[in-house]
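The listed protein sequences correspond, in order, to chains A and B. Going by this note's numbering, the first residue of the first sequence is number 1, and it counts up by one from there. Going by this note's numbering, the first residue of the second sequence is number 202, and it counts up by one from there.
Here are the computed lysine to aspartate or glutamate pairs in the EDC-like style, where the Cα-Cα straight-line distance is at most 20 Å:
(1) A:Lys191 with B:Glu316
(2) A:Lys107 with A:Glu132
(3) A:Lys107 with B:Asp298
(4) A:Lys107 with A:Glu129
(5) A:Lys107 with B:Asp310
(6) A:Lys191 with A:Asp181
(7) A:Lys135 with A:Asp161
(8) A:Lys135 with A:Asp192
(9) A:Lys191 with B:Asp310
(10) A:Lys191 with A:Glu132
(11) A:Lys135 with B:Asp310
(12) A:Lys107 with A:Glu130
(13) A:Lys191 with B:Glu315
Since the hints were made in silico from the structure, they are not lab data.
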Amino acid sequence: MDFKGFDRPGQPGGGPTRSVKVMIAGGFGTGKTTMVRSVSDIRPLTTEETLTQASADVDHLIGVADKARTTVSLDFGKISINDTLTLYLFGTPGQERFWFLWNGLFKGALGAVVLVDTRRLASSFRAIEEMERQKVPFVIALNVFPDSQDYPVEEIRDALDISPHTPVVSFDARDRAAGRDVLVALIRHLKDHAAAALEPR
Amino acid sequence: MSAARRPTEPSGLERYYVLTGGRSGPAGSAASLDVATLVVARTAPSPGMQHEHQEILRRCRDPLSVAELGAHLGLPFNILAVLLSDLLQAGRIEARDPIPAHDAGRGTDLALLEEILSGLQRL
Chain A
1 MDFKGFDRPG
11 QPGGGPTRSV
21 KVMIAGGFGT
31 GKTTMVRSVS
41 DIRPLTTEET
51 LTQASADVDH
61 LIGVADKART
71 TVSLDFGKIS
81 INDTLTLYLF
91 GTPGQERFWF
101 LWNGLFKGAL
111 GAVVLVDTRR
121 LASSFRAIEE
131 MERQKVPFVI
141 ALNVFPDSQD
151 YPVEEIRDAL
161 DISPHTPVVS
171 FDARDRAAGR
181 DVLVALIRHL
191 KDHAAAALEP
201 R
Chain B
202 MSAARRPTEP
212 SGLERYYVLT
222 GGRSGPAGSA
232 ASLDVATLVV
242 ARTAPSPGMQ
252 HEHQEILRRC
262 RDPLSVAELG
272 AHLGLPFNIL
282 AVLLSDLLQA
292 GRIEARDPIP
302 AHDAGRGTDL
312 ALLEEILSGL
322 QRL
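Sequences and hints are given; from them, build the entire structure.
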């Protein structure tokens with residue numbers, strides 16, 4: 001029975017000692033939960049936030065009786081990088097208007113994956129704007145649905161109006177290896193980002 | 202998790218009020234808690250402690266994220282953050298925030314990105 005906190009010399013311990021966070025964003029129905037599920041080492045869990053701060057706006061709406069039930073959910077999973085480092089993946093809430101509630105939801109994040117359904121590009125515009133506004137480095141992952149048409153990546157880049165430096169990859173959110181590759185693309189992008197920031201101007 | 206512990210049960214808000222003594226958010230250092238913050242117990246639960254505090258100490262023998270703790274205990278983030286701030290102030294837990302991008306993107310922390318890459322490539 002010892003409680004030595006994070007630093008246990010000579011003893012790896014049963015839990016990670018460092019964590020990093022990656023957000024999985026995108027419009028409603030673009031496959032955020034599916035991706036979290038397919039790449040996570042654990043069965044995805046859900047954490048919730050009550051809407052206490054929004055109650056002033058909610059009060060006068062119909063359905064006041066349901067106020068206590070109003071929660072925003074985040075699906076999340078994790079990947080053990082090694083014995084001491086765990087990567088947590090958080091799918092952003094489907095209702096983007098509630099993002100503000102997540103105090104610093106993106107603040108501690110290493111970066112983000114923005115999922116895009118090429119049949120409904122516009123559904124991810126808001127997520128892209130949000131990443132740009134919060135200066136969170138991100139990659140675009142086109143989730144290929146069975147009836148998705150094959151668009152040239154450049155056409156999609158134009159339509160989404162994103163910087164030429166932002167990587168665009170396509171994948172199947174149900175496939176673990178494909179999801180892993182998207183995360184690899186994100187980390188490589190972060191490295192480029194970091195290298196660019198170090199260059200003298 | 203049993204259905205009765207879900208935060209969506211009708212008496213949810215009243216239960217949270219009791220759990221937190223009416224506080225809606227954490228004070229002090231715990232205000233920076235993140236869903237990916239790791240928490241580890243520094244002491245064993247002692248008799249007479251609030252049940253939820255005991256439960257947190259029991260589950261955090263090994264480091265656990267705030268999000269996992271919330272999911273296991275069926276508590277929303279802001280309520281859990283209040284309980285964690287009590288334990289932090291009492292010195293019963295330690296908390297370690299996730300390594301953010303602006304640190305990871307500088308100098309030696311490129312090593313962290315390399316570490317993540319090699320971990321992912323082993324999957």
